[in-house]
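Residue strings, one per chain:
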Amino acid sequence: MSREFIFEDLLAALDIVVMERRLDGSFLPLGALPPWFTGLGRDGTFPFLGTFLEEAAQFWATNVHGRLSSGLCATSDAEGREFHFEAIAVAIAGRSLLLFELPRGVDDLRAILQEAREERLARVGLDRVLDLRTQAMRDVRADLRQICGSLRDAGRQEEAAVESPRELAARLDRLEARLTDALAGVRG
Amino acid sequence: MISKKVCLLGGFAVGKTSLVARFVHGVFSEKYLTTIGVKIDKRSMTVDDDELDLVIWDIYGEDDYQRVRMSYLRGASGLLLVADGTRRDTLEVARALRLTARDHLGTIPSVLLVNKVDLRAAWEIGPEDLDVLREQGWRVFETSAKTGDGVEGAFAALARLLHEAR
Numbered sequence: 001m002s003r004e005f006i007f008e009d010l011l012a013a014l015d016i017v018v019m020e021r022r023l024d025g026s027f028l029p030l031g032a033l034p035p036w037f038t039g040l041g042r043d044g045t046f047p048f049l050g051t052f053l054e055e056a057a058q059f060w061a062t063n064v065h066g067r068l069s070s071g072l073c074a075t076s077d078a079e080g081r082e083f084h085f086e087a088i089a090v091a092i093a094g095r096s097l098l099l100f101e102l103p104r105g106v107d108d109l110r111a112i113l114q115e116a117r118e119e120r121l122a123r124v125g126l127d128r129v130l131d132l133r134t135q136a137m138r139d140v141r142a143d144l145r146q147i148c149g150s151l152r153d154a155g156r157q158e159e160a161a162v163e164s165p166r167e168l169a170a171r172l173d174r175l176e177a178r179l180t181d182a183l184a185g186v187r188g
Numbered sequence: 001m002i003s004k005k006v007c008l009l010g011g012f013a014v015g016k017t018s019l020v021a022r023f024v025h026g027v028f029s030e031k032y033l034t035t036i037g038v039k040i041d042k043r044s045m046t047v048d049d050d051e052l053d054l055v056i057w058d059i060y061g062e063d064d065y066q067r068v069r070m071s072y073l074r075g076a077s078g079l080l081l082v083a084d085g086t087r088r089d090t091l092e093v094a095r096a097l098r099l100t101a102r103d104h105l106g107t108i109p110s111v112l113l114v115n116k117v118d119l120r121a122a123w124e125i126g127p128e129d130l131d132v133l134r135e136q137g138w139r140v141f142e143t144s145a146k147t148g149d150g151v152e153g154a155f156a157a158l159a160r161l162l163h164e165a166r
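Here the protein sequences line up with chains W and U, keeping their order.
FYI, the numbering for the first sequence is 1 to 188, going by the numbering used here.
FYI, the numbering for the second sequence is 1 to 166, going by the numbering used here.
A hint or two may mislead.
Unchecked claim - Which chain U residues stay away from chain W? Per the calculated CB distances, all over 10 Å, these: (1) Ala-13; (2) Gly-26; (3) Phe-28; (4) Glu-30; (5) Glu-51; (6) Arg-69; (7) Arg-98; (8) His-104; (9) Leu-105; (10) Val-132; (11) Glu-135; (12) Gly-150; (13) Leu-161; (14) Glu-164.
To be verified - Now the stretches of chain W that chain U is said to cover, found in silico as 3 or more residues with beta-carbon under 8 Å: (15) 10 to 19; (16) 23 to 33; (17) 103 to 111.
For the record, the hints were derived by calculation from the structure and aren't laboratory data.
In this text, all values refer to a predicted model and were calculated from it rather than measured experimentally.
All C-beta atoms, glycine included, are put in the ideal place defined by N, C-alpha and C.
Okay, chain U solo, but in the shape it has when bound (with noise of 0.2 Å):
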């Protein structure tokens, strides 16, 4: 058995606890409850046969009250950035925290799940700012923590890029 931590890293009320409740116990609570602190769950996933285990560590979000406190990265093999699809400016605090994790980690797999695609009619991110990002290089994910659309395959790619790297 593989053993691998992921952060989950983003701006606050962008769907990171209920991306976490989704993928690990199938859930989905619409009542939103700030994280404080980090917590911690496991789910194991079957890539080309072998276990991984992936060990994923929920991070409060940043805003203006609280920045991340990267201790909490050390010893992280990929990173699950999330932005809020009707919410623009979670993008830029996505970017952001995806560059200070590459400052204290180095380069490492990470994708970006952008959440609350059942929300699409109030999107302020349109899909050429993915293509954008997808040009840059990300590997981009529209997500839905409510319906479970996209998330298990947003998992399954982060599994995968640290599978690949081992």
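In isolation and in its complexed conformation, chain W is listed as follows (with noise of 0.2 Å):
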């Protein structure tokens, strides 16, 4: 098996279409072209090789080792199932190569972040219950201090008949007490 064979399906295995950047501008593919690439620029991927390529010019121009990448780019196969490819422009020993490859990981990349991203959402939306909940539960707390400011009054006023509306008022001090615990463990 000779080398450059063994180089062909290497890079087929892995997905990887190299071509080299003639003088001329023009690129010689290296190896047999998948599937996946010759449809790429069916659904309008083109601006963004075309965007790709002039930087990759300038990287080539004053490279001569190194790599420039293209980050990555969704598309659709015929099926118009979405992939993601990436395009790299290497320089080797004053050589420029342009590379294509899918990208191992992408969806798993996207399960990452798509769960990171959903917990902060639902982390918002429960701050802003919680904010609300703790509001109420501030409102609830004025109102019944007014009350029980009232019925103390009202006790110190008519002494003789006031055992029940007394009785009342430390129902509704145990009560606030309460809920002034129940809202700091809701803060805490």
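Both chains are sitting in their own frames, so use the hints and assemble them into the complex.
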């Protein structure tokens, strides 16, 4: 098995397309082009490649070694299934190579980001509910304080007949204390 | 036919992809699916009898996990900044992205879409906030990708700005 054959086979197995940029600016594929690559541009991906090639041309002009990544681009296959690819400009000993690959782990990355962001959105929602409840409890507490104050005043004015209002005031005091504790619990 | 690259920028889950889906395909999905990388769509508009091809780059949302890669903006003629009316912090993200984009591209036409106007009762961004932005020169549109309210107008406004800036 020749080295070239292994190289081409390996690239195909890794879903990597390699092209070499020639002096006239055209690109020579090094190996066969897979179906996913030949379909690129069908759904408007060409602007993405055009923008990156401008960047890549500058990169090759100023670098003998190194790499420049395009970042991920979403596109669709002939059946409308979405997939992501990435273009990479590579300079090796003055040779200008352009790679296209289907990065592994995009689905995992999306799943992780999706979960993290959904959790963040859920937390925003919970914070809002908590704020509303805290405010509601504050309002209740203020109302109860006012009622208790009124009852105490009434009790002072009608001492002989105040046993019942006093008991009521005491109960409300206990209720206020419980609410205060509950409020502290919500805050904590 | 004039072709112009426009980029959507904003925080995560503000509705960028939904706005594009509404504007280009006339559809909406309740399901939130985070965008990875960039997705490109196109739609033609007519401005003063001229055909304008909007090449729309829907770029992933910015948050603590991912910063927007500014190389995606290269060659952009206009920006659609998007905030979520129900989350005040997304307005700050849009503001910061506008500044960052200006550092890379200079001043280019832009509009701000404050999205999710269908959830008006839950908005944290008030009319006074938007008035302040308008006084600062922002072109602000209240939109709903869900109902379509304001979406066409916002894109049309940017198209007109691009047409005038030719």
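Can you list which hints this structure breaks, lowest number first? 1, 6, 15 and 16
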